[in-house]
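K.L.:
Note that the protein sequences, when read in sequence, are chains D and Z.
FYI, in numbering that gives the first Met the number 0 the residues of the first sequence are 0 to 178.
FYI, in numbering that gives the first Met the number 0 the residues of the second sequence are 0 to 178.
None of these hints come from the bench; they were simulated from the model.
Hints may be right or wrong, so weigh each one.
Identical chains blur together in the list; that is why a pair holds if it fits in one copy or across any two.
Subject to a maximum C-alpha distance of 25 Å in a straight line, what follows is the list of computed BS3-like cross-link-like pairs (lysine-lysine) [stated by the list, open to error]: (1) 122 - 99; (2) 119 - 99; (3) 119 - 41; (4) 37 - 99; (5) 41 - 99; (6) 37 - 122.
All figures in this text were calculated on a predicted structure; none of them were measured in a lab.
There are 2 protein chains.
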Amino acid sequence: MTTPIRILGIDPGSRVTGFGVIDLLGRQQTYVASGCIKTPPKAVLSERIAVLFEHITEVIHTYQPTVSAIEQVFVNVNPAATLMLGQARGACVAALVHGKLPVHEYTALQVKQAVVGQGKAAKEQVQHMVVQMLRLNGTPSTDAADALAVAITHALRNHNLAAQIQQGLSVKRGRFTTR
Amino acid sequence: MTTPIRILGIDPGSRVTGFGVIDLLGRQQTYVASGCIKTPPKAVLSERIAVLFEHITEVIHTYQPTVSAIEQVFVNVNPAATLMLGQARGACVAALVHGKLPVHEYTALQVKQAVVGQGKAAKEQVQHMVVQMLRLNGTPSTDAADALAVAITHALRNHNLAAQIQQGLSVKRGRFTTR
Chain D
0 MTTPIRILGI
10 DPGSRVTGFG
20 VIDLLGRQQT
30 YVASGCIKTP
40 PKAVLSERIA
50 VLFEHITEVI
60 HTYQPTVSAI
70 EQVFVNVNPA
80 ATLMLGQARG
90 ACVAALVHGK
100 LPVHEYTALQ
110 VKQAVVGQGK
120 AAKEQVQHMV
130 VQMLRLNGTP
140 STDAADALAV
150 AITHALRNHN
160 LAAQIQQGLS
170 VKRGRFTTR
Chain Z
0 MTTPIRILGI
10 DPGSRVTGFG
20 VIDLLGRQQT
30 YVASGCIKTP
40 PKAVLSERIA
50 VLFEHITEVI
60 HTYQPTVSAI
70 EQVFVNVNPA
80 ATLMLGQARG
90 ACVAALVHGK
100 LPVHEYTALQ
110 VKQAVVGQGK
120 AAKEQVQHMV
130 VQMLRLNGTP
140 STDAADALAV
150 AITHALRNHN
160 LAAQIQQGLS
170 VKRGRFTTR
């Protein structure tokens with residue numbers, strides 16, 4: 000019997016960071032969990048980063064993913080917002096590498112193309128397709144849906160990953176290396 | 000006998016991050032250690048963040064600081080550089096909060112004013128004053144000197160911190176709280 004690949008998808012944000020966990024067995028994707036991490040808006044930077052880091056670490060401990068995928072953020076017109084988003088994303092990646100997970104990055108364009116089939120899809124279309132593809136009963140929040148979409152993107156692009164791992168890949172510093 | 004406060008100063012950068020450790024006993028500052036963490040320039044983001052996070056965690060384990068101070072980065076004209084610097088800084092702060100250290104932030108202006116006495120000081124003046132104030136035999140690299148300057152800034156602004164800790168402060172999510 001083959002073990003499924005468990006993918007943790009992250010959609011980083013300075014206020015709300017979405018996470019989504021799916022299992023991949025062959026080409027079959029199964030929903031495991033999803034949610035949002037909200038950082039206290041008036042808290043100092045270290046406190047916001049602590050909340051993000053601790054919650055992602057907790058998600059990793061709870062669901063034990065084998066690989067992670069994170070959305071590449073776009074550069075904002077507001078430089079201060081770009082800096083803040085960068086800091087949040089840096090903390091997310093730090094939590095992923097601390098959790099010994101390989102980290103894959105996908106642009107919003109790649110995610111939309113993989114999930115909806117075209118790069119200009121609206122957020123609602125992404126949300127709709129996530130519900131369809133994972134056969135969900137309810138609709139996750141847009142941030143959780145985006146995170147699930149990132150995980151699905153990784154699944155669609157790497158459905159032969161299970162085979163690679165069985166052939167003997169190990170993880171070092173967020174990347175796969177051959178043993 | 001009073002225990003010294005051990006301050007870890009960090010000067011974050013996307014390529015080179017400086018660190019500096021000093022002891023503060025009353026108003027007396029003593030040099031403990033300093034150095035640079037260089038991230039592999041051609042590596043993927045997760046690898047660079049892993050190097051930063053792991054090295055800062057190692058510095059914390061080795062020198063056991065009681066508090067940390069990090070320089071606030073300025074927003075660059077290049078948005079992509081701002082994003083990268085933000086990610087590096089986010090990883091640094093994640094390592095500090097993961098190491099259970101309270102995190103204090105100082106702007107470059109505050110550091111220069113505290114160490115040199117004026118906000119428009121050149122990097123070499125900061126380096127020179129760090130050597131004088133800590134009575135160093137050699138000259139640390141500019142990145143290490145900047146990190147030591149951040150630690151000195153915290154020392155100068157908080158020389159009564161030891162008294163506060165003895166009165167019963169504990170650390171939660173990068174901030175001091177009363178027990």
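K.L.:
Hint by hint, note whether the structure agrees.
P.N.:
Consistency of the hints with the structure:
no.: 1; hint: 122 - 99; result: neither (31 Å within a copy, 38 Å between copies)
no.: 2; hint: 119 - 99; result: neither (34 Å within a copy, 43 Å between copies)
no.: 3; hint: 119 - 41; result: neither (33 Å within a copy, 31 Å between copies)
no.: 4; hint: 37 - 99; result: both (24 Å within a copy, 21 Å between copies)
no.: 5; hint: 41 - 99; result: between (31 Å within a copy, 21 Å between copies)
no.: 6; hint: 37 - 122; result: within (19 Å within a copy, 39 Å between copies)
Hints 1, 2 and 3 from the list above are not met by this structure, while the remaining hints are.
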